[in-house]
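J.: Here are the chains, one letter per residue:
Number of protein chains: 2
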Amino acid sequence: MGKSADKYLEVWDWGIRENGFHREKNRVSESLFSLANEYSGVRGFMEECPAGADSLIGCYFNGIYENHKKINETAYKGIVKRGHFMVNSVNWLKTKVIIEGEPVDATLNVVSDFYRNLDFRTGVYTRGYTVNTEKGKVNLKLSRFLSMDEPARAFQTVEIGADCDIHAEIIMSLDFNVLHWGKECYFEGAQSRFGDDGCAITARTLSTRQRVTSAMAVEAPEACACRDFCEGKEAGKVFSLELKAGETAVFKKFVVNIAERTPQGDSLSLALKKCAESKAEGYEKAAEKAESYWRKFWSESDIEIEGDAENQQGIRFCIFQLQQTYHGFDPKNNVGAKGLTGEAYSGHAFWDTETYCLPYFLFNNPRAAKDLLLFRYHTLENAKRRARELDCKGACFPIATLSGDEACDLWQHASLQLQPSTGVAYGIWHYVNVTKDIDFLRDYGLEMLIETSRFLHSRGDYNAAGSGFGFYCVMSPDEFQMMVNHNAYTNFMAKKTFLFTLEAAAKVRERYPAEYAALVERLDFSPKKAEEIKRAADAMVILYDEKTKLFEQHAGYFDLPHIEVKNIPETDFPLYYHWSYDRIYRNDMIKQPDVLMFMLLYNGDFTFEEKLRNYEFYEPRTIHESSLSPSVHSILAAELGKLGEAVGFFAFATRMDLDDYNKNTSEGLHTTSIAAAWLNIVYGFGGMRSDGEIISFSPTIPDIWKSYSFRVLIGGGAVTVRVGGGKAVFERHGGEIEIKVYGKTVTLKDRLEFSLNEAGIKNEEKK
Amino acid sequence: MGKSADKYLEVWDWGIRENGFHREKNRVSESLFSLANEYSGVRGFMEECPAGADSLIGCYFNGIYENHKKINETAYKGIVKRGHFMVNSVNWLKTKVIIEGEPVDATLNVVSDFYRNLDFRTGVYTRGYTVNTEKGKVNLKLSRFLSMDEPARAFQTVEIGADCDIHAEIIMSLDFNVLHWGKECYFEGAQSRFGDDGCAITARTLSTRQRVTSAMAVEAPEACACRDFCEGKEAGKVFSLELKAGETAVFKKFVVNIAERTPQGDSLSLALKKCAESKAEGYEKAAEKAESYWRKFWSESDIEIEGDAENQQGIRFCIFQLQQTYHGFDPKNNVGAKGLTGEAYSGHAFWDTETYCLPYFLFNNPRAAKDLLLFRYHTLENAKRRARELDCKGACFPIATLSGDEACDLWQHASLQLQPSTGVAYGIWHYVNVTKDIDFLRDYGLEMLIETSRFLHSRGDYNAAGSGFGFYCVMSPDEFQMMVNHNAYTNFMAKKTFLFTLEAAAKVRERYPAEYAALVERLDFSPKKAEEIKRAADAMVILYDEKTKLFEQHAGYFDLPHIEVKNIPETDFPLYYHWSYDRIYRNDMIKQPDVLMFMLLYNGDFTFEEKLRNYEFYEPRTIHESSLSPSVHSILAAELGKLGEAVGFFAFATRMDLDDYNKNTSEGLHTTSIAAAWLNIVYGFGGMRSDGEIISFSPTIPDIWKSYSFRVLIGGGAVTVRVGGGKAVFERHGGEIEIKVYGKTVTLKDRLEFSLNEAGIKNEEKK
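If you read the sequences in order, they're chains A and B. Residue 5 is where the first sequence starts when you use this note's numbering, and the numbers rise one by one after that. Residue 5 is where the second sequence starts when you use this note's numbering, and the numbers rise one by one after that.
In case anyone wonders, no lab produced these hints; they're calculated from the structure. Fair warning: there could be bad hints in the mix.
Because identical chains share one entry, a pair is satisfied inside a single copy or across any pair of copies.
Unchecked claim - Each computed DSS-like pair below joins lysine-lysine, with the alpha-carbon atoms no more than 25 Å apart:
1) K538 x K397
2) K81 x K570
3) K553 x K753
4) K667 x K81
5) K397 x K667
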């Protein structure tokens, strides 16, 4: 794949740890040590250090965004004139530590014993180091964590000790002088207020007029002198301290951040009040709650891998970060492509949330899965506007967004990629297929499906002969084939969308006839329109060669000039930077596997042989430049008995950020890829499939592992799957349930055990 | 075509005239009344009027350009990071006329008897009007013309008379405070100097550091008081005058403009000196020279149409403007898409110069035709750099340029359109085919051909089977099909380029073996490389259906959804503004006729039936949104006996600007379309073809015309063709020559006469 690992962290089951300061990896560490609680996120920057190393001080709030300053007034119709982006907000961690008049900076050479530590079991990020001053050694330890159940709350501690008497000043503040993308501050009109104990500051975004308010209170050693300060967009407290040799002073900062999309009332008072409550409750209580949150979480969602410490760490990192990013706190939130860990991709949620992230929530936290779909429902009007901009009907969901409006100003993507819309339909289908939640269809799902189908129907067209329906001038998830006709993924997924819309309509009509009648009237979804959709679905062109059993990725794909992907030098990657832009598009090289993707999503629709043939044809043509590509391959490789390949792709997905495979972890984490890593275990080695009537499993295990286990919520209870020692053991918590194991339907009540041979033989013989 | 005429000018054989002030057409008039002499151009703006009507004060110099301020640093490889544009330069006509303290403005309501007049026989643009002041009527007449043989020279007169005594001030100046695109001045460092009689000013462009210097001297009535003035970037003279009732005062301004791409020496002195010489020679002498230039020109290049005053005016307007724009004064010049008449299209010369403009020069002024090709030779290094940017070899000529560098920052066009390169090769082929100038091949042509073929060979590719060569991801001249494979025009023209490169190599090798050997060694053009080109030419995919005799515009075109072009409402045009950008691309509608174009360029390669079938298939799918489309159709329609259609398309091309069909003449003239109008007569009704061994003619005449005539230079002499009264009469000036008439080879010595029936019958029976 032309990618290489870049390892510098300690391998540790339950967290990540950097020993010694890796200057050139500082931004990467900032991303990896990010904390978040869906409501807000903060990069793992060193709050007390000036700019001694390349750094991105980033504090973000879900849904707080700004519009681009530049408006492209001359853009053609349908091209986004003004994008928006998640904006870097108040630095609520800002700290200065001044020892004997000298500010401390961990990035300077006078420092030793540097470490960073993020413990997945507590959610606490801790850093420490020793400053070697002229008078003696000063030890600093800083830690922070975010409340998971009261997400406005955040906590920071600074501990200082020394082997000599020293004079120290600790300055703790809230600072809106933060530069987005290192360039511009998008907050204005800062106001601050000092209360009995704490202080608060508030400011508004320039064009969206959203509001962020931050309040702090500090529990400081009694001997400290303290004074307030406020300067422009910054407010805080200065503590002065005479520290004796051998003593340690601890400063505990209680922070409350209030992010308002629609500001209301006196946020400064509110924040000060909440902050006082937080301080009154105390630091230890908050830390205990956080730990207990994570303890419960891991007891329900952990994946254990015995015999592969690196991947054990990798998969837990993924699960931890995914949970931090999103867990269904607010149905107006979505999952950003970089989570809340950086400004790259503008903080946008991309089209693939429903495809790659939804399953994790569906089987761990179904309410969060529903919330994720509700984000689309809440932004349905935006999608309808977008469809009209494109001269189409219905609702066209965005390739990238925060607000619900299309934020991608590259027309190639925003106008040609239809997978956001088919992806939403797929998400609804998947959710309903697993949960059987017909009420969701009635209240939200069917409306989204009808509008989506209506869009697709108006965007698609019949060929010249009138015999085949399909999509012209599309860019599929494989972005290396820009403007093609009858792309297999697009046509296939649109067909599924059409058919599921009709099926969902039938289900709701049957169960809730009155509500159904009202809905179709409101949406003007006549039987004639349903008939048109049926006709298009039936006429959908799916390019398939009976002889070779290959799906053709798009009309003419098989005729394209061939490139030997494996002969491309590693130095040519990423191709976008080293190849002339258009050169990428004019051969049979693909970025990610369109055909394999729909064969994975609707796995049961295809025979083993079809999957094998297509895998073996397309994989060598795939450059895997998309971070999602390896996961799809890993899962299918496991199904096809290619366990060696499956493990190779798995490690890549699971440790993509930890080992900085794409050389851009510095910009933020790859959240969707992180979600896909979970898929790799559960759908890959666990062989789970959720596209049939009942959930099925076909576990396998790579040779190098001793055992692994995972847990999924199905039918109102949990199923734990433990694989190893030649067996797969299924345990049920909750009432009995029907599942399929190795193709056979079984009733799981408490515990069932299967020999792995059944899988092993099945796969080996097909190789 | 969804286009309508907008007529407001007087119909006049030998010029254009606007009677009365058409406020809403002021910018259109400014374009139509433009003057130029290849070296410089000036819009027909009213130099004495402030901004009383929408106006673009535009003075341009060929080759004087600026770089865009914005540099797209993040553009992908191969995408132009910084464009350049012809920059609006010194306003050398600036005038103020102040009567009794009030500045005159022809756009105000106190004016009557307004007219503008441009006489094609003299090249003089005159305006006049009466200002109705409180004291009485004041008559103003202003005129200007450019020297054609000493192009730095320009002339302006201001005449003022009154039916009452008045006090008048006339201020004449040279002004660099000119705003490009109405926004920014790109000149700095202005210096001025006053000589014994005249004054001069010079300034430099901001980033390209080119220099423009302008000098003026005025012949004023003796009674005038005169003082110099200089203010910032403006220098000039103020004349005060007491005018008696019934008297007329005339001010004659002698201007010299020096435009330097590479500034050298003291341009202020030089300009002052040249200006003094011009004044010494006198205004009348200069006017006489200009008239004599145009008299000679019309005697050689006129096209007469009897019986159609509108088209007579139209075609002469075209010829006049084309000659003004370019006539081979400097081989470093090219023909801008808007000539020197406006800032739209950035003053760029587009890819189609060699295809559409070259023939006019080839048959009127072969030296200019050669110069036009030399522009490409002089910019061969730029084209080689561009090819490397695109990861290709050889030379890739730009879609739009002034400097030789690609100036188009839309990658769709700059990276996907290969017709600039095949167009240069076509131009060389056409030039050599007509002139038999093998020395040109030896000195310039073969090198360009080899580098062009090398580029095309590296940009093209073999299909997956290795059996067919062609071009993937191209946009052809038909810009409504963006990213297609095996486009018929691209593949066909590339095949011709390959074959002609080999043929040219053989010709030079045979005639000049030593020079040939040196050349191929310098260019590293080995026999193996020639062989590769031959193989690609032989394997070139030309999609052709034997049964229908249709060429398929690109792979898959015949399968595209069909649009009934004639059902698109006129209000939807231009489609770029009213349709979602991507919607334009996903159907079988085309903007201009790729297939018909190569059938016109290599006319003899195709049968009458092939042309007919393809015309009848593609024309109804053509939107003619390109200004060149109607010309191609007009010519082919004439050949196919569809004279009614031919006339319809002809009028559109010939009067495109006069009648503002595209509603954008305000931005400047459509120079390439103007050139194509000439083709419409000569190749269209005259039926001339120049792609065979000898020149052939098959004249026809539309019913509505009484007669028409044109003249072409062939084989060192002229052939005049006069068609009408049932006959086509050919007259030769120069030695005897072989031509074909109606398919039969004849020797033309003095005069030959043919019955038109031969043509009429031929075409009618095939209909």
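J.: Determine for every hint whether it applies to the structure shown.
T.: Verification of the supplied hints:
no.: 1; hint: K538 x K397; verdict: within (17 Å within a copy, 51 Å between copies)
no.: 2; hint: K81 x K570; verdict: between (41 Å within a copy, 22 Å between copies)
no.: 3; hint: K553 x K753; verdict: neither (40 Å within a copy, 71 Å between copies)
no.: 4; hint: K667 x K81; verdict: between (36 Å within a copy, 19 Å between copies)
no.: 5; hint: K397 x K667; verdict: neither (41 Å within a copy, 31 Å between copies)
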